[in-house]
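Q: What follows is each chain in one-letter form.
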Amino acid sequence: MFSTTVLAQVVVNGIGLSATYILVALGFTLLFGIMRVVNFAHGAFAMLGGYALYYVYGSFGVPYIIAAPLAALLVATVALVLERLVYRFFYQKMFQSMIGLLGLDMAIMFTAVMVWDSHERSIPPTVSDILQIGGVIVPADKLIISGVAGAALLAFYLFTKFSRYGLAMRAAAQDMEIAEAQGVNTVMIYRLAFFIAIFMAALAGGFYGQTYALSPMMGERPLMMAFIVVILGGMGSIPGAALGGILLGFADSFLATFYGGSVSVFLSFGVVILLLIFRPWGLMGTPES
Amino acid sequence: MNTSNPSSTLASSGLPPGAVPRPRRTPAGAGTFLKWAAVAILAALVAAPLLVNERFFLTVAVMVLINAIAAASLHLIIRIGHVSLAHAAFMGLGAYASVLTVMKLGLPFGVGVIAAFLCPAALALAIGPLVLRLTGKYFVLVTFLFGEIVRMVFVEWKGLTGGGNGIFGVPPPSPAFLDPRAFYYLSLGFAVVIIGFIARILTSEIGRAMDSIREGERLAECSGVPVLRFKVLVFVLGCGLAGIAGALQGHFVRYIDPTSFSMIQSLNLVVMNVIGGMYTLVGPMIGTIFLVVLPELLRGYVELQRVFFGIILIVVMAFLPGGLADAGKRVATLAEKRFGARSRP
Amino acid sequence: MKQALVSIAAAASLGISLLTAAAPARAQEELKIGVIAALSGGGTGWGLGLQRGVQLAIDDANAKGGLKVGGKTYKLRQVAYDDQYNAAQAKTAAERLVNEEKVKFIFGPVGSPGALGSLPVTQPAKVLQFVDGYAPAILKNEWNGGYVFRIGNSNQEFAEPIVKWIKQTMPNTRKVGMIAPNDAVGQAAVPILVNAYKRQGYDVWIEYYERGSKEFTPLLVRMMAQNVDLFELNSNAPGEAGLLVKQARQVGFKGPMIQSGGAGVDEIIEIAGPLAEGFLKYDVIDAGLPRVKLFLDAYSKKYTGILNGLSPVYYNAAHVVLEAIRRADSLDTTKVRNELEKMGGWDAPVFGKVIWTGKEIYGNDHQLFHAFLIKEVKGGKGVIKTVVQSQ
Numbered sequence: 001m002f003s004t005t006v007l008a009q010v011v012v013n014g015i016g017l018s019a020t021y022i023l024v025a026l027g028f029t030l031l032f033g034i035m036r037v038v039n040f041a042h043g044a045f046a047m048l049g050g051y052a053l054y055y056v057y058g059s060f061g062v063p064y065i066i067a068a069p070l071a072a073l074l075v076a077t078v079a080l081v082l083e084r085l086v087y088r089f090f091y092q093k094m095f096q097s098m099i100g101l102l103g104l105d106m107a108i109m110f111t112a113v114m115v116w117d118s119h120e121r122s123i124p125p126t127v128s129d130i131l132q133i134g135g136v137i138v139p140a141d142k143l144i145i146s147g148v149a150g151a152a153l154l155a156f157y158l159f160t161k162f163s164r165y166g167l168a169m170r171a172a173a174q175d176m177e178i179a180e181a182q183g184v185n186t187v188m189i190y191r192l193a194f195f196i197a198i199f200m201a202a203l204a205g206g207f208y209g210q211t212y213a214l215s216p217m218m219g220e221r222p223l224m225m226a227f228i229v230v231i232l233g234g235m236g237s238i239p240g241a242a243l244g245g246i247l248l249g250f251a252d253s254f255l256a257t258f259y260g261g262s263v264s265v266f267l268s269f270g271v272v273i274l275l276l277i278f279r280p281w282g283l284m285g286t287p288e289s
Numbered sequence: 001m002n003t004s005n006p007s008s009t010l011a012s013s014g015l016p017p018g019a020v021p022r023p024r025r026t027p028a029g030a031g032t033f034l035k036w037a038a039v040a041i042l043a044a045l046v047a048a049p050l051l052v053n054e055r056f057f058l059t060v061a062v063m064v065l066i067n068a069i070a071a072a073s074l075h076l077i078i079r080i081g082h083v084s085l086a087h088a089a090f091m092g093l094g095a096y097a098s099v100l101t102v103m104k105l106g107l108p109f110g111v112g113v114i115a116a117f118l119c120p121a122a123l124a125l126a127i128g129p130l131v132l133r134l135t136g137k138y139f140v141l142v143t144f145l146f147g148e149i150v151r152m153v154f155v156e157w158k159g160l161t162g163g164g165n166g167i168f169g170v171p172p173p174s175p176a177f178l179d180p181r182a183f184y185y186l187s188l189g190f191a192v193v194i195i196g197f198i199a200r201i202l203t204s205e206i207g208r209a210m211d212s213i214r215e216g217e218r219l220a221e222c223s224g225v226p227v228l229r230f231k232v233l234v235f236v237l238g239c240g241l242a243g244i245a246g247a248l249q250g251h252f253v254r255y256i257d258p259t260s261f262s263m264i265q266s267l268n269l270v271v272m273n274v275i276g277g278m279y280t281l282v283g284p285m286i287g288t289i290f291l292v293v294l295p296e297l298l299r300g301y302v303e304l305q306r307v308f309f310g311i312i313l314i315v316v317m318a319f320l321p322g323g324l325a326d327a328g329k330r331v332a333t334l335a336e337k338r339f340g341a342r343s344r345p
Numbered sequence: 001m002k003q004a005l006v007s008i009a010a011a012a013s014l015g016i017s018l019l020t021a022a023a024p025a026r027a028q029e030e031l032k033i034g035v036i037a038a039l040s041g042g043g044t045g046w047g048l049g050l051q052r053g054v055q056l057a058i059d060d061a062n063a064k065g066g067l068k069v070g071g072k073t074y075k076l077r078q079v080a081y082d083d084q085y086n087a088a089q090a091k092t093a094a095e096r097l098v099n100e101e102k103v104k105f106i107f108g109p110v111g112s113p114g115a116l117g118s119l120p121v122t123q124p125a126k127v128l129q130f131v132d133g134y135a136p137a138i139l140k141n142e143w144n145g146g147y148v149f150r151i152g153n154s155n156q157e158f159a160e161p162i163v164k165w166i167k168q169t170m171p172n173t174r175k176v177g178m179i180a181p182n183d184a185v186g187q188a189a190v191p192i193l194v195n196a197y198k199r200q201g202y203d204v205w206i207e208y209y210e211r212g213s214k215e216f217t218p219l220l221v222r223m224m225a226q227n228v229d230l231f232e233l234n235s236n237a238p239g240e241a242g243l244l245v246k247q248a249r250q251v252g253f254k255g256p257m258i259q260s261g262g263a264g265v266d267e268i269i270e271i272a273g274p275l276a277e278g279f280l281k282y283d284v285i286d287a288g289l290p291r292v293k294l295f296l297d298a299y300s301k302k303y304t305g306i307l308n309g310l311s312p313v314y315y316n317a318a319h320v321v322l323e324a325i326r327r328a329d330s331l332d333t334t335k336v337r338n339e340l341e342k343m344g345g346w347d348a349p350v351f352g353k354v355i356w357t358g359k360e361i362y363g364n365d366h367q368l369f370h371a372f373l374i375k376e377v378k379g380g381k382g383v384i385k386t387v388v389q390s391q
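Chains as they are written, first to last, in the working numbering: chain E, 1 to 289; chain A, 1 to 345; chain X, 1 to 391.
This is chain E alone, in the form it adopts within the complex (with noise of 0.2 angstroms):
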């Protein structure tokens, strides 16, 4: 069982897993770490962002490189409308945000249920092939999805950590009122960092309609995922998102692979309440002050 085709199938998979978790982690965290927000309605979008791409590439046929973004950034710009009516009321004020995002969940997820009806459809797939390099067995659109993926996290980071309005933005998370009194316009990188996150959501839900399948409660376990991750490496820290998204997707193929469903979920589960309880500010967070 421990052979190294197995184990190398299990390396693969755990970097398709990661991709897939880090993605809609990242813009997860970035919504906590700016406005102190917690997103419950998350994986709604990223639900919606399925939707956009099963119309936009696989009704209307656009090209896939251009039906990807285009989509994700449709439900990104029809979310800006959600922003000014529900989210700014939020914004930091962690608890209220919980609930009352938590009931944005709720509304979106069953609109789209009698818009759409519940059974599951599929998006379909970029490209069929399946490589087989040195006996290990890839589907393509996997490395797709992983690369993809990568390019997100790095470009992501490098916005930070570089363009103005990056800057801008991690001003604000530190300290929203000094930052205004700098000049930062505080409401319009919430706008920017809102439109960031929600892109990514839409674009990962895209990814996860094609490779899994498309129903209006699909964003769920996104969700969930998303959550532990973020615990896992900090809440408000993108490192921390991409380290989180890289270990549990590893644990998660290497764990379900040797040892089974059940055990894999207990053990990740358990693993996070131990982590909330003795370090909730996750393995790259800081503890509040």
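Since the hints were made in silico from the structure, they are not lab data. Since the structure is predicted, the reported quantities are computational estimates derived from the model, not experimental observations. Using N, Cα and C, we set each Cβ at its ideal position, and we do this for glycine too. Be aware that a few hints might be false.
To be verified - Taking CB as the label site, the calculated pair distances span:
#	chain 1	residue 1	chain 2	residue 2	range
1	E	M114	A	F197	36 to 46 angstroms
2	A	W157	X	A63	49 to 59 angstroms
3	E	P124	X	S330	48 to 58 angstroms
4	X	A63	A	A335	55 to 65 angstroms
5	A	W157	X	V387	37 to 47 angstroms
As the list claims (entries may be wrong) - With a Cα cut of at most 25 angstroms, we get these calculated DSS-like pairs of lysine-lysine:
#	chain 1	residue 1	chain 2	residue 2
6	X	K359	X	K126
7	A	K104	X	K140
8	X	K140	A	K158
9	A	K158	X	K198
Based on the hints, put chains A and X in the right spot on chain E.
A: Below, chains A and X alone, put in the same frame as chain E:
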């Protein structure tokens, strides 16, 4: 490992400022009015089944009462500043404890109820000292995961719990209780005793200590309140009482399974408290009626209901932190101001 | 404080008055047919399937002028309540149907929680109920079947014949791998199938997953390391089954795959795409038969989306029940029940000969048995490979 903040628990968890209860100075006259109002409502609840002897009405009424007990027990925990997303799991523990005591050990319902209290209370006692140190958001997350773990244990431990298929053919407390009217009075009895007990606690010294803990832990600690021990006590009590509600449900529906005590039910209990009002016992009562009766009126439009609930949650959390109870109070105060002013000569 | 009390009193009295006013008088010529189904949440696919199947049967009867019973003609109307796949909700829904709406015939719930939650309400009230769910307690209970019938094949009925067929057509297979959901359905159905395989001399490897998972690659890699010859999908829901098929092929499993159980094959084909080629599936409807085609046309005319496998089952059952009512020439449920029990052999619209079975296992013959098929996916469509009749 102390993870509570130097600043108040209230501010760090982002609880709305309106949550601070003002000291209530009720004028002498209001005291007797309150007593009469309570008696009137109780009389109405006792008389209702005699006037409306319809099974459907009685079934919904029983579900309202059971949920009211569960929501009130969660209210205790919310009043110390912790929102638990695992409450339905504790209900489930009580349900399984009672059902197994009655069916496998052949003991009477009364013993089952005691088991239904002790079992979740024991678990709460075990994990309380660990998780109650956490601040607002972390506590929510831990209870979220914990609730899931308990549910999975229900599903996995097939030998004891019947696994995913649950336990069917649960006997009623006694054959007389197959009549919904009888069960209504049974649950009414439990509800009055338990909710009355909770109300008593909340208006006593203990209640004031609870509020002080919620508003500022460090300050409460300095005032001599043994914060962690206190919180554990309240948590244990709240979870135990939830277990009793679970037992009632088990013997009423006569079938229990893990899906009856999952995240959905935990969320419903939290929503009842939030929508109704988190800082007064009346809140979960209003919330229960809202959440249990409204779906019956809107049957056939379930998705619309859920969208509606979602929007109400948003509105309440954004503008009405005290929930509907608070809204009612505000409307009444506004009305009093307007009409009170007019009546002055 | 007093405002609060007033608000409770107001809410309570509002609630009471609304509930009691909930049942206005009904026109005499109308017969209400009750439906309890999961119309929200996870089980909605099944619930909708049930509801639509019953509605189409009702439409058929109304198109012919209604149901003629005891000299009167009744227009049929469906009254459906959501049980949210939950026992307590099913109980409340049943109470409402039985005591408020005064319904005598109820279709559903689908799923053991709902079925078991509603039985204690309908059985003492002598209301006929037609359910689907894997728990044996549905038929084997204190009322000994009584007024409940199970109208979908449970795998008690089809496990053995399918395994025998596999042994015949794939003689080189020795070891079977199964991946099953760890929920009520999985826990009830899997042991039956496992025993059927073991009785025919197979080695069985099985692994469970938590409902909600979508990523099965680690489990599939684990399965492949066991060198299984045949991948059996047993009672997986269509969404998960489609993903299992797709991911199994993506991970490199080359052997045959079959699902002994579950619902229709179309959803699986949609999700797995070209990777579903060669997949074998238990199914109940033969789209080639003219009478089935009639049903399929009626369905696609009225409803959008992929046909849910429960619709033909409930359409069929509803017709059986309506016929029993006609034969009893009465709405008295005991008389109708007796007629139902005698209807073995009647030619039902979709599934043909009615067969009641189950006495050995449940103590009563209230389990409906359909002939079923094994389909193979060829060129993106489910093609019939063989038809399995009753023993």
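Q: Hint by hint, note whether the structure agrees.
A: For each hint, the structure was consulted:
1. Checked against the given bound of 36 to 46 angstroms, the beta carbons of M114(E) and F197(A), roughly 43 angstroms apart, stay inside it.
2. For the hinted restraint 49 to 59 angstroms between W157(A) and A63(X), the CB-CB distance of approximately 52 angstroms keeps it satisfied.
3. Between P124(E) and S330(X) the beta carbon distance is about 55 angstroms. The supplied range of 48 to 58 angstroms therefore holds.
4. A beta carbon spacing of about 57 angstroms between A63(X) and A335(A) agrees with the range 55 to 65 angstroms that was offered as a hint.
5. In this structure the supplied range 37 to 47 angstroms holds for W157(A) paired with V387(X), their Cβ-Cβ distance being about 41 angstroms.
6. The suggested pairing of K359(X) with K126(X) holds, with an alpha-carbon distance near 21 angstroms, which does not exceed 25 angstroms.
7. For the hint linking K104(A) to K140(X), the alpha-carbon distance of about 19 angstroms falls within 25 angstroms, and the restraint holds.
8. Of the pairs offered as hints, the one joining K140(X) and K158(A) holds, with about 19 angstroms between alpha carbons and a cut-off of 25 angstroms not exceeded.
9. About 22 angstroms separates the Cα atoms of K158(A) and K198(X), which keeps this hinted pair within 25 angstroms; it holds.
Every hint, counting from the list given before, is met by this structure.
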